[in-house]
Amino acid sequence: MRLIGLGLVLIAGAAAAQEAPFPIAAWSRTKAAVETEGSATERGAAVFNNWCSACHSRGPQNAPGTTSLQAKYQGSVPAALEDRRDLTPDLVKFFVRNGVAMMAPLRKTEVSDADLEALAAYLTRSRQ
Amino acid sequence: MPKPPPGLSERDFQAALRALEGVVGREWLFATDEDVLLYRDGYSPLWGEAEERFASAAVAPSSVEQVQGIVKIANQYSLPLYPISTGRNLTYGGAAPAYSGSVVVDLKRMNRILDVSARDKTCLVEPGVSYFDLYRHLRTNKIPLWIDTADPGWGGLMGNALDRGGGYTDIEFRDHFDAHCGMEVVLPTGEVVRTGMGASPQAKTWQLFKYGLGPWVDGIFSQSNFGIVTKMGFWLMEEPEAALQVSVTVPKRRDVVPLVDTLHSLMCAHTVPSQVTVASPVMAGNNPELVRLRGSGGASDADWDRFAAGAGGAPFWAAQFVYYGSSKVIAAQWEHTKDRLSSIAGVGFRETASYTFPLSDEQAEAVADKARYGIPSLNLFGSRTAPGAPPLEGHMDFSPMIPPHGEALIALSDYTGKVYADQGFPPSFVAGMMFHPRTMICFHAVPTFRNAADNARTRKLFETLVRGCAERGWPIYRIHPVFHKLGMEMFSAGDGSLHRLHETLKDAIDPNGIVSPGRYDIWPRRLRGTRA
Chain U
1 MRLIGLGLVL IAGAAAAQEA PFPIAAWSRT KAAVETEGSA TERGAAVFNN
51 WCSACHSRGP QNAPGTTSLQ AKYQGSVPAA LEDRRDLTPD LVKFFVRNGV
101 AMMAPLRKTE VSDADLEALA AYLTRSRQ
Chain A
1 MPKPPPGLSE RDFQAALRAL EGVVGREWLF ATDEDVLLYR DGYSPLWGEA
51 EERFASAAVA PSSVEQVQGI VKIANQYSLP LYPISTGRNL TYGGAAPAYS
101 GSVVVDLKRM NRILDVSARD KTCLVEPGVS YFDLYRHLRT NKIPLWIDTA
151 DPGWGGLMGN ALDRGGGYTD IEFRDHFDAH CGMEVVLPTG EVVRTGMGAS
201 PQAKTWQLFK YGLGPWVDGI FSQSNFGIVT KMGFWLMEEP EAALQVSVTV
251 PKRRDVVPLV DTLHSLMCAH TVPSQVTVAS PVMAGNNPEL VRLRGSGGAS
301 DADWDRFAAG AGGAPFWAAQ FVYYGSSKVI AAQWEHTKDR LSSIAGVGFR
351 ETASYTFPLS DEQAEAVADK ARYGIPSLNL FGSRTAPGAP PLEGHMDFSP
401 MIPPHGEALI ALSDYTGKVY ADQGFPPSFV AGMMFHPRTM ICFHAVPTFR
451 NAADNARTRK LFETLVRGCA ERGWPIYRIH PVFHKLGMEM FSAGDGSLHR
501 LHETLKDAID PNGIVSPGRY DIWPRRLRGT RA
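Protein chains in written order, with our numbering: chain U, 1 to 128; chain A, 1 to 532.
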């Protein structure tokens, strides 16, 4: 059994809610539709919530991608993609379209090129 | 540029692509190398080798009419198509076609939840609807119904059901094909068929009664290539008042026999409603003596029990399952279960989680075994990430079916462990998973790699396991497209009469052989003998 402490989840959820432009429904970590209005960063947050957060949210619960990156980098960079300050748009696009390890690439019927631009803007917002 | 399908000239291929573009629009035809590679199977056991299966292009319709238009063009040019729904059937081929050169028909854009009936506890969905999508719809609209999700929630109801996948909740819902009720299919001729009551134009019961009138044909559209399914109905589980997750442990290796017999009996009596996993805490791990025993091919019960006694006293077997319903009924079911199992010396009973529903968002987020409560996630991938270890590159599921007998679980574990060891892989350990009411599936995640040398080893291992288990009476229930031919060879009774029947049907339903050539080794007449 992998029993998860509710307190830890609430703390992680609160941290996400403070920063994300859209409230994230904790039960799914996804949003129904990618927003077509708002800034690229805001639309990128919606794309992230919809397609990435089920693996890459701040976690560590319910975030196997974050767990994997923690194992890989051992804390030398933040395990959660939303906390990284070193990502570039090209790097984000590369991994979305090529995948890595167990992560399969995302097709254009899933994340369109326009969605991907917005996602890259969101994950590199600290550089802008 | 991607290569055209075998037998089709570059000129005709380009003409066909232009025609497809006319159906779906420029944005939704994908024919550059960069775009087509997005349909590659990242877990392919043939990665980077000449035989790896590649699409020649992909086309993404948004409606049934566009699917019909695509089929019409395919017939005109003898263009092989390969429909996918969400394209996430990873470990069983992903979005890559069974036959290289096929044009993938990516149905992800057809992602509408067409109907949900809280009163009738049913839904009707399009191919691109994922488990996440339907779960979110039910939560957002406060509809007190559960989905039954496959382990990765990004998969889709339709694709998983058509490949006969499974989940974890009540028996009526976790066999995903069995839980469907009615479908709409675009036949290879372009004709649209609705099955069951859907064939009666005014029927109010398309999602309520499976059979309709006359032969029930739904089964031929699963694990096959007889059409492109564009709508599918499903029965959904009414949200229970409560749930109780429990663990039953037994101390000795041979105790698995009465444990499984009794749990199977309780499942058949509808006392135990959920999927049951029977695993061995003792057999998991990397202790050298443990690894030796797992690979020995027949260590005795005494050897194993001696090892278990010296390994900290963990129970040899642990079974996990869940009760759903009213709290009073659950308490009675649990008590009855304990009564039935109490004759096993040393049996242990533990309540590991309990819930009352509906859950708040935060409570749902905190549920550990989400799929057992119809909550989609991608947490399965987490179980494959060992801290400090390089992540796996991929795997194929090897999924033999055995009777629900403890003896069979032990025999399979002995056999497969030795196969792994003999071929230089860490010997496997086995869990028996009772998804279906009368069998256990013993999944193995056979690793795949991004290099040919390691994949050659893994393919040899996989083939040995498939053949060896079938010879012992444990054939697989589902298999990666690279091994569809091998899989069907294990169903060779009557000199392959079942396979001949499949291809007889193929010739009748798909005379030009355009839909998914080679899927589950069903080949159209024009490509028979190719078996690429």
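One or more of the hints may lead you astray.
With the Cβ distance kept under 7 Å, some of the chain A side facing chain U (calculated, not the full set) [claimed, not checked]:
1. G42
2. K142
3. D175
4. S377
5. F381
Which stretches of chain U does chain A cover? Using the computed rule of at least three CB atoms under 8 Å from a CB of chain A, they are [to be verified]:
6. 52-65
7. 107-118
Hints are computed from structural coordinates only; laboratory data are not their basis.
Treat the numbers as computed from the prediction; the structure is a model and nothing was measured.
All C-beta atoms in this analysis are idealised placements derived from N, C-alpha and C, irrespective of residue type, glycine included.
To see whether the hints hold, each was checked on the structure:
With a least beta-carbon distance of about 4 Å to chain U, the hint placing G42/A at the interface is held under the 7 Å criterion. Against a cut-off of 7 Å between C-beta atoms, the interface hint on K142/A is violated, since the closest Cβ of chain U lies about 12 Å away. Checking D175/A against chain U by beta carbon gives a least distance of about 25 Å; that is not within 7 Å, so the hint is violated. Proximity of S377/A to chain U holds as hinted, the smallest CB-CB distance being about 6 Å (cut-off 7 Å).
This hint holds: F381/A has a C-beta 4 Å from the nearest C-beta of chain U, less than the 7 Å allowed. Only residues whose C-beta sits within less than 8 Å of a C-beta in chain A count toward coverage, and the region 52-65 of chain U has 7 of them, enough to reach three; the restraint holds. A count of 4 residues in the region 107-118 of chain U with a Cβ less than 8 Å from any Cβ of chain A is obtained; the coverage claim is therefore met, three being the minimum.
Violated hints, listed in ascending order, are 2, 3; each of the other numbered hints is respected by the structure.
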